[in-house]
Amino acid sequence: MNDMISPDVLARQLKIVGTRPLRPDGVDKVTGRAQFGADMHLPNMLVGKVLRSPHAHARIKSINTSKAQALKGVKAVMTSADLCDLPSEFVPAGEMMVNFKDMTRNVMAREKVLYEGHAVAAVAATSEAIAAQALALVEVDYEVLPHVIDVEEAMKPDAPLLHDDMFTIGVEPTPKKSSNIAKRVEFGFGDLEAGFAKADVVVEREFTTKPVHQGYIEPHACVANVSEDGQAELWCTTQGQFIVRAFCSKLLGMEVSQLRVTASEIGGGFGGKTVVYLEPLALALSRKACQPVKMVMSRSEVFQASGPTSGAKIWVKVGATKDGRITAGDALLKYQAGAFQGSPVQPGAMCAFAPYELENVRIVGFDVVVNRPKVAAYRAPGGPIAEFAVESVIDEVAMKIGMDPVEFRLKNAAKEGTRAPYGPKFGPIGLVQTLQAAQAHEHYKVPLKANQGRGVASGFWFNIGGETCASMNLGEDGSVALVVGTPDIGGSRASLSMMAAEELGISLEHIRPMIGDTSSLGFNFLTGGSRVTFSSGMAVVEAARDVIAQLRERAAKIWEVPVEEVEWSEGQARFTGSGEAKSLSLAELAATAGKTGGPIIGNAAINATGAGPSLATHLVDVEVDPETGKVTILRYTAIQDAGKAVHPSYVEGQMQGGAVQGIGWALNEEYIYDDNGHLENPGFLDYRVPVCSDVPMIDTVIVEVPNPNHPYGVRGVGETPIVPPMAAIANAVSHATGVRFTDLPMSPPRVLDAIEAKQAA
Amino acid sequence: MAKHHVTTTVNGDTVEFLCSTEQTLLDVLRDELFLTGSKEGCSSGDCGACSVMLDGRLVCACLVLGVEAEGREVETIEGMADGDNLHPLQRKFLEHAALQCGICTPGILVAAKALLEQNPDPTETEARYWLAGNLCRCTGYDKIVRAVLDAAAEMRAAAGKGAARKSRSTKQPAAASA
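Quick note, the sequences are listed as chains A and B, same order. Residues 0 to 760 in numbering that gives the first Met the number 0 are what the first sequence spells out, letter by letter. Residues 0 to 177 in numbering that gives the first Met the number 0 are what the second sequence spells out, letter by letter.
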């Protein structure tokens, strides 16, 4: 169906797309009226709580819930026995894959607990205090097993095994001995040896990064309500109500039609709310208790038991000629998956060298399980750490050949027609334009002082499309109820209603956008992969064109003329045939719809294809305090190709937010474990995300190289901004100190150690 | 144990509630009074999503017990707008697109209002340090700080006009009597 959408609209004069109207859901969010996950309250509602493993790795010998069950006020107790065990089957969730065998074990441990915080039982009671008391009465007999936290330790042949049945996929022949290495991936082409032989300069480095959490401010929360006949309602904070329905119905053995999922307002997700944790437990408890059950994670549960992204060990080697042409690139990525397979090593491997046009390139990746929480998607999953390593080496190569790092990137930049390291050729992309904008930016020319450094890095992310529906219900007064199926995580109701208004030719205030529950639309893939303004935008445009086609038919019927002689422009049906000019407005046609054929509804049900990769270049100036090792961000400029910025303020917001999350990743954020595999910093005091006083204003430059596959040229913009910051900052800190930083985070003690080691040398 | 009976003032209205000893003010606001505009992000005073005013002082409602509200005045996000007239900070947050997901927004608005009551003309640095107790994971703070500074400027201008009007109106009768 996408072929009905043509880029001809790119040429037309836009009235609404590209402007900055107030967001339609704004007032609810500044008055406290907006209902998030934990804000739902139902009569007769119980409180659900989860018992979690105190061990990083242990066999569950037995669970006895009888004492908990007997406590007054306890209405239901559940364990893994109340969920379906499922065979191994991979299905997509965002850019990541999920496996139902693993999912049912991750939401509730079966044979073993595999990380501290792993759920083992859950209760529902009439109060939180009783629920907590009940958890203390659940008796779990554990056989504690040796655990492994570090990715390279986990890859050793004698490492403690998490899964006896894990035989590395992607190596020939398949190993006979099980290991913690779930998968090996490889991408690339050309002749590496010949490439490196042509190089005048070769730089080879090893990097380490720590797992970091998405850090959404709203903890996971849901309310489940299962009736005596099995029909179920679920309210939850999620990036995809349809995938929650799909996952939960699998885990509970229900038909999808029996479960209606409503996405609450979502208080941040960044990929972390593309999976389920509490939802199946709340449904199981509610099914047992026949009462509504509300469950909300504490902040420590969010850190211990919901997915961070992978920490990694990465090796990169790049060769280049003196005149600045990269001759070969080689990378080895070892990603922690957490307790179950499925780290984002594959997208990481695909992204690593994607900003460059290379003749000889190879990326090898390993997906490795360790006794940590199972990773979930986090903004451009896998890309940021792979590109951190590559962009750091690129900077060092440029330094060694004495070339400006932006110039060096321009000489090697991927462009339309470049073959990506993972195979396909790029369509139009905007990396060169972002680099040129960086070069021309006043920021790039400001002189630096002592202990200050400037860093540059580029970044790539694919973006995705996928199954998407939209429904446009024309009211009898000509106003429009727009229903989409992708939760609005950062302003998409604004961008989608803007495209709807642009198509229909009516003003924005006549459109009320809503996020439909799972019974109101066909299946929608989740909000992820920067796909919403792209995919739901495409569906909205198609639904609007469906409405317009019907409106033209109605006008033709009223005028008794062929529909071909009726055109739609500026919110009016206009007669174009010979004779007197006539027109009917959308409101007039809507008012008579009942008499001209019935209500008018525009629908779209598409599989959106042709997502456009988004590329970015970031500039950062830092100052390093040589006495404390503290890094201060002095100035930051993010430049990105948006394709078309439908609402530029929210595009800037994505760029600024991604940059600041990247600043946290670069400088402070990390999961810290003790020797027993216990997370030592499961709170915002010790897991330090950037606060307002940590950062300067984040300047933005939006570049627009239209995506020819979208009616308005839209690319996704949400994920790419978190890709360049770590390398840009590491490069800046390296230039400020004269020490190359290869380990994240560059926290004050680490930076100070490096400075002192250099002074001692 | 029997619950405590507490009488307090919330957004100008007298309210009574029953709470257990361990319930925080945030629990009471959200679960007993159904004022869910104040959010729970951490329950340890680190994220600021539950920021409210208690007798004119900015506090994290998760660090105050419900019983401590007895006889005191609580102001929450639900009391910030005056009827359908949004507070300048609320308006400026919308105009500047200073929110994405919006979960931190109520707490940040309450905290920013407290700032402007103490310091009507904050510098960017002062605003940033004042808001350092309110985490936002979406925006990178840029548009939040701009919205706060812009609201401050608008409120100063309005106060200036108001003050000018007031000084004129006090002068006129004086002149008349002279």
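Just to be clear, a hint being listed does not mean it is correct.
Said to hold, decoys possible - Now the stretches of chain B that chain A is said to cover, found in silico as 3 or more residues with beta-carbon under 8 Å:
| id | stretch |
| --- | --- |
| 1 | 5-19 |
| 2 | 55-65 |
| 3 | 115-122 |
| 4 | 147-161 |
As the list claims (entries may be wrong) - The calculated BS3-like cross-link candidates involving lysine-lysine, where the alpha carbons are at most 30 Å apart (straight line), are:
| id | chain 1 | residue 1 | chain 2 | residue 2 |
| --- | --- | --- | --- | --- |
| 5 | A | LYS100 | A | LYS71 |
| 6 | A | LYS66 | B | LYS2 |
| 7 | B | LYS2 | A | LYS71 |
| 8 | A | LYS197 | A | LYS60 |
No lab work stands behind these hints, which were simulated from the structure alone. Backbone N, C-alpha and C define an ideal beta-carbon position, used for all residues, glycine too.
Subject >> Broken hints, by number >> reply: Result: hints 1, 2, 3, 4, 5 and 8 break, sorted rising.
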